Amino acid sequence: MTMLLARDTAVGAATSAQRRRRVGNWSGWAFLAPVAIYLALFYAYPLYRNIDLSLRNYTVRSFVRGDAPFIGLTNYQAVLRDPTFGPALTHTIVFTAMSLVFQYSIGLALAVFFNRRFPLSVTLRALFLVPWLLPLIVSASTWSWLLNSESGVVNAGLHALGIAPVDWLTSPTWSLVSVIIANIWIGVPFNLVLLHSGLQAIPVSLYEAAALDGAGGWRRFRHITLPMLRPVTAITLLLGLIYTLKVFDIIWIMTRGGPSDSSTTFATWSYRLGFGNLLPSFGLGAAVGNLLVVTALAFGLIYLRTQRRLHSA
Amino acid sequence: MNSAPRLATAACAALLAVSATACSAASDNSGGSSDSHTYTIWDPYPQLDASSAWATLLNECGTKAGVSIKRTPFDTTDLSNKTLLAAQQGNAPDVLVVDNPVVSTLAEAGVLTTTAQNKIDTSAVDANLLAAGQSGGQTYGIPIGANTLALYYNKSVLQAAGVDAATVKDWASLTAALARVTAAGKKGITFSAIGTEEGSFQFLPWFWGAGAALTKIDSPQAVSALSLWKDWLKQGYAPNSVINNTQTTSWQEFATGGYAFAENGTWQLANAKKLGFDHGIIAIPGTNGGTAPAPTGGEFVTVPTQTDTGRYATSDKIVTCLTSTDNSNNTDTALSYIAPTRVVQDRQTAANPDLAVWVQAVRAAKGRTSDNLGVKYPAISQQLWTAVQAALSGAQTPEAALTAAQSAVK
Numbered sequence: 001m002t003m004l005l006a007r008d009t010a011v012g013a014a015t016s017a018q019r020r021r022r023v024g025n026w027s028g029w030a031f032l033a034p035v036a037i038y039l040a041l042f043y044a045y046p047l048y049r050n051i052d053l054s055l056r057n058y059t060v061r062s063f064v065r066g067d068a069p070f071i072g073l074t075n076y077q078a079v080l081r082d083p084t085f086g087p088a089l090t091h092t093i094v095f096t097a098m099s100l101v102f103q104y105s106i107g108l109a110l111a112v113f114f115n116r117r118f119p120l121s122v123t124l125r126a127l128f129l130v131p132w133l134l135p136l137i138v139s140a141s142t143w144s145w146l147l148n149s150e151s152g153v154v155n156a157g158l159h160a161l162g163i164a165p166v167d168w169l170t171s172p173t174w175s176l177v178s179v180i181i182a183n184i185w186i187g188v189p190f191n192l193v194l195l196h197s198g199l200q201a202i203p204v205s206l207y208e209a210a211a212l213d214g215a216g217g218w219r220r221f222r223h224i225t226l227p228m229l230r231p232v233t234a235i236t237l238l239l240g241l242i243y244t245l246k247v248f249d250i251i252w253i254m255t256r257g258g259p260s261d262s263s264t265t266f267a268t269w270s271y272r273l274g275f276g277n278l279l280p281s282f283g284l285g286a287a288v289g290n291l292l293v294v295t296a297l298a299f300g301l302i303y304l305r306t307q308r309r310l311h312s313a
Numbered sequence: 001m002n003s004a005p006r007l008a009t010a011a012c013a014a015l016l017a018v019s020a021t022a023c024s025a026a027s028d029n030s031g032g033s034s035d036s037h038t039y040t041i042w043d044p045y046p047q048l049d050a051s052s053a054w055a056t057l058l059n060e061c062g063t064k065a066g067v068s069i070k071r072t073p074f075d076t077t078d079l080s081n082k083t084l085l086a087a088q089q090g091n092a093p094d095v096l097v098v099d100n101p102v103v104s105t106l107a108e109a110g111v112l113t114t115t116a117q118n119k120i121d122t123s124a125v126d127a128n129l130l131a132a133g134q135s136g137g138q139t140y141g142i143p144i145g146a147n148t149l150a151l152y153y154n155k156s157v158l159q160a161a162g163v164d165a166a167t168v169k170d171w172a173s174l175t176a177a178l179a180r181v182t183a184a185g186k187k188g189i190t191f192s193a194i195g196t197e198e199g200s201f202q203f204l205p206w207f208w209g210a211g212a213a214l215t216k217i218d219s220p221q222a223v224s225a226l227s228l229w230k231d232w233l234k235q236g237y238a239p240n241s242v243i244n245n246t247q248t249t250s251w252q253e254f255a256t257g258g259y260a261f262a263e264n265g266t267w268q269l270a271n272a273k274k275l276g277f278d279h280g281i282i283a284i285p286g287t288n289g290g291t292a293p294a295p296t297g298g299e300f301v302t303v304p305t306q307t308d309t310g311r312y313a314t315s316d317k318i319v320t321c322l323t324s325t326d327n328s329n330n331t332d333t334a335l336s337y338i339a340p341t342r343v344v345q346d347r348q349t350a351a352n353p354d355l356a357v358w359v360q361a362v363r364a365a366k367g368r369t370s371d372n373l374g375v376k377y378p379a380i381s382q383q384l385w386t387a388v389q390a391a392l393s394g395a396q397t398p399e400a401a402l403t404a405a406q407s408a409v410k
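Same order as they appear, the protein sequences are chains L and Y.
Each residue of the first sequence is one higher than the last, beginning at 1 in the UniProt record's numbering.
Each residue of the second sequence is one higher than the last, beginning at 1 in the UniProt record's numbering.
One chain only, chain L, in its complex shape:
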C-alpha cells in the first residue's frame, strides 16, 4: 500500500515535471520570439536582400519589375576593377586608422585627466560630450563652414598668423585630412566616456601599493592603467572601428567624397553608386556595401577570438 502510494506519487511527480518542462519550453520560446522575430525582420532579411541585390543586374526597369537576372559575382568583379576601388580602399584604411589612433589617444588622455577630482571636472567632462550629442548633420555642416576656403574661420585664423589660406575641402591633398579631423572631434567623447568608466573600475589600492613601492606617475600609467584597461580598450577600439568604417554623413556633407574621389571611402562610394546619380546602380552599391559588412564582421570575429583567449588564459 505504501509502496503503491509511493509509486503513484513518483509517477505523478514525473508527469508534472514533464508537463512543467513542456510549459517551460513554450514560455521559453515565447520569450525568445520577440528578439528572434526582431532579428529576422530587421537584420537577417535586409542582409539577405543586400546580398541578393549585389548578385543581380539591377537596372531601373528590372528594379521596379523585380525580374533582375542573376549574374553571380559580376558586380563584385566590376567593383574590384573600378578605378575608384584602389583610392577608396586606401582612403577607408587611412580614414579609419587615423581616426581610431587619435580618438583613442586623445580620449585616453582626457579620461586620465578627468579621473583626478578637481573643481568643475564634472561640468567640463559634460561639455566634452557635446560633439557626441549634436546631430551629425549639424556638426558636419559646422565643420564645412569652419573650413570653407573663402569665408571659413580657420583660414581667417591662418591669415592672422601670416599663413597662406588652405583649400581644406576643395583641394585633393587636404580634403581627406579635413574629414578625418572632423571625425576625430566627433569620436573623442565616445572614447572618453568608455575609458573614463574603465579607469574608475581600477582599484585605488593598486596605485597606492605602487606608489609605496616608489613607482612614479608614468610607470603607474604604463604598468597599472594600461594593462587594467585592456578589456575596455579592446571593446572601445572595436566599436570605434565599426562606427568609423561606416561613417558616411560627415564625409558626404563636407566633401561628397570629392574633389575627384580624394575623400571617397567605401561608405560614400556605396551611397554614390546606389543613390548619388539620377540613374541608380543598386547592384554595384550593394556589392560595395557588402564588402564593408564583411570587413566589420572579420574584425568582430578577431575580437571574439581574442576575448576567448583572454578568458581561457
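Source of the hints: derived by calculation from the structure; they are not laboratory data.
Among the hints, a few may not be true.
As the list claims (entries may be wrong) - Distance ranges between label pairs, derived from CB positions:
#1 Y/N352 / L/V294: 57 to 67 Å
#2 Y/N352 / L/T90: 46 to 56 Å
#3 Y/P220 / L/F70: 57 to 67 Å
#4 Y/P353 / L/G162: 18 to 28 Å
#5 Y/L85 / L/G162: 31 to 41 Å
#6 L/S197 / Y/S407: 30 to 40 Å
#7 L/A44 / Y/T72: 45 to 55 Å
#8 L/F248 / Y/G110: 22 to 32 Å
#9 L/S197 / Y/G90: 33 to 43 Å
#10 L/I235 / Y/G310: 28 to 38 Å
#11 L/F85 / Y/T246: 23 to 33 Å
#12 L/P227 / Y/S407: 52 to 62 Å
All values derive from a computational prediction rather than experimental measurement.
Every residue gets a Cβ at the ideal spot worked out from N, C-alpha and C, and that includes glycine.
Position chain Y against the provided structure of chain L, taking the given hints into account.
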C-alpha cells in the same frame, strides 16, 4: 508556480499587439491607390506647406475632379528613388511632379504613362521644354514651368570697377570684366561646381556655349569651356569654394555684396529683391557672343502607371486643371518659374517686365536629356561633373579630365 505560463501569455499578447501594429503600419502607406475617392500626389516642394497656394490649388483641382487629394512633398533628390521603390511595391502615386531630367529614367523603368495613355494635352507647350520629357518618340508628362540660368550682377561693384554690363557679350569681354573687378579689389564671379547634378547643370551653359555636345564630352570645345572655368580659378577671378558650392551657397556668396557676377537661376528672383544692393541680369554669353543655350530646369507633371487604369481619367482631369492657363500663371509666379506656354509667358512679362530676359533665356534653353540622350544622360552628367571637379581642384588638366570622363561613359 503558474506565473510562468501567465507571463508567457502576456508575452504572446504583447507580440500579437506588436505584429498587429506592424501589419497596420505596413498597409497604411503614403502612396497606395486603394481608395477610389482619394488621389495621391507627390511633389518636390517641401518648402510649400499645407497652407501654401500650391497646396490649395491641388485641393481645388481635386474637388473639381470629384476626389480628395492626399499630397506628400519630398526633397527633390529623394523623390526619384522614393518613386522607384513605390513602383516596385505597386503603390506609386496617381500624380507625380518630378524634376525634368528624371523623367526619362522613370520612363525607362516603366513607371510613367505616356500622354497617349493618359490623354494629357501638351500641344500648347514650347517644344524645347517638352523635349526634356520625351524619350523614344513618346511624351511622358507636361512641364509645370521652367527655369534656367543667367548671370546676376552687382551694379555697384561693376560701377566701382568701371565696367559696363552691356559690354559683356562673349567670353573674352566677360573675362576682361572679371579682371578689372579683381584689380579693383572685389571678387569676380561665383557659381556652383559641386560634384552632383547641380554642378553639371551650372557647367552646361558654358559647355554648350562653346559648341560642345554631350555625345562627345572630350571635344576641343568642351576643353575650352572647362579651361575657361579653370583659368578663372587660377587667376583668382572665381573663389576656390565653387568646387563645393551648391547653387544656394553660391547665392549666399553673391549676397554678401563682394562679388560682381553670380551664375544662378530663375528661382532666385524673389531672393534677389531682398539683396542689399542693386542688381541686374544678363544672359550667359556664348564663346563668340550670342546667348549660350542654358539647360532647362523645372518639373514635369506625370501620371505613374497604375494597375487600375480607370484612374487615369481622373488623374488627367487633375493634371489638366493644374496646368491650365490661369493656374499655370499663379503656380509659376508662386514658384518663381517661367511658364511653359507662350500665352502665359506673355502674361507674365506683361505683369513683370523684368522677366523678359528670363523668358528669352528659357526659349533658348535646351533639355539635358534632349538630343535623344534619355537615360544615357545621368551617366554622362556624372562623368562631366567629375571632370569639372578634377580640373578645378588641380587633380588633372582639363584635357586629361575630360578624356578620362569620355572613356568612362562607355
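Hints, one by one, checked against the model:
About 59 Å separates the C-beta atoms of Y/N352 and L/V294, a value consistent with the hinted range of 57 to 67 Å. Between Y/N352 and L/T90, the C-beta spacing of about 54 Å keeps the proposed range 46 to 56 Å intact. The beta-carbon spacing between Y/P220 and L/F70, approximately 44 Å, falls outside the hinted interval of 57 to 67 Å. A C-beta distance of roughly 51 Å is found between Y/P353 and L/G162, which places it outside the suggested range of 18 to 28 Å.
Hint check: Y/L85 to L/G162, Cβ distance near 54 Å, so the stated range 31 to 41 Å is violated. Here the CB-CB span from L/S197 to Y/S407 is close to 55 Å, at odds with the stated 30 to 40 Å. Distance hint check for L/A44 and Y/T72: the Cβ-Cβ separation is about 30 Å, which falls outside the suggested range of 45 to 55 Å. With their beta carbons about 31 Å apart, L/F248 and Y/G110 fall inside the hinted range of 22 to 32 Å.
Checking the proposed 33 to 43 Å range against L/S197 and Y/G90 shows it is violated: the Cβ atoms sit about 50 Å from each other. For L/I235 and Y/G310, the Cβ-Cβ distance of about 60 Å falls outside the hinted range of 28 to 38 Å, so the restraint is violated. At about 28 Å, the beta-carbon gap between L/F85 and Y/T246 stays in the expected band of 23 to 33 Å. For the pair L/P227 and Y/S407, the beta carbons lie near 56 Å from each other, so the given range of 52 to 62 Å is met.
When the structure is compared with the earlier hints, violations turn up for hints 3, 4, 5, 6, 7, 9, 10 and for no others.
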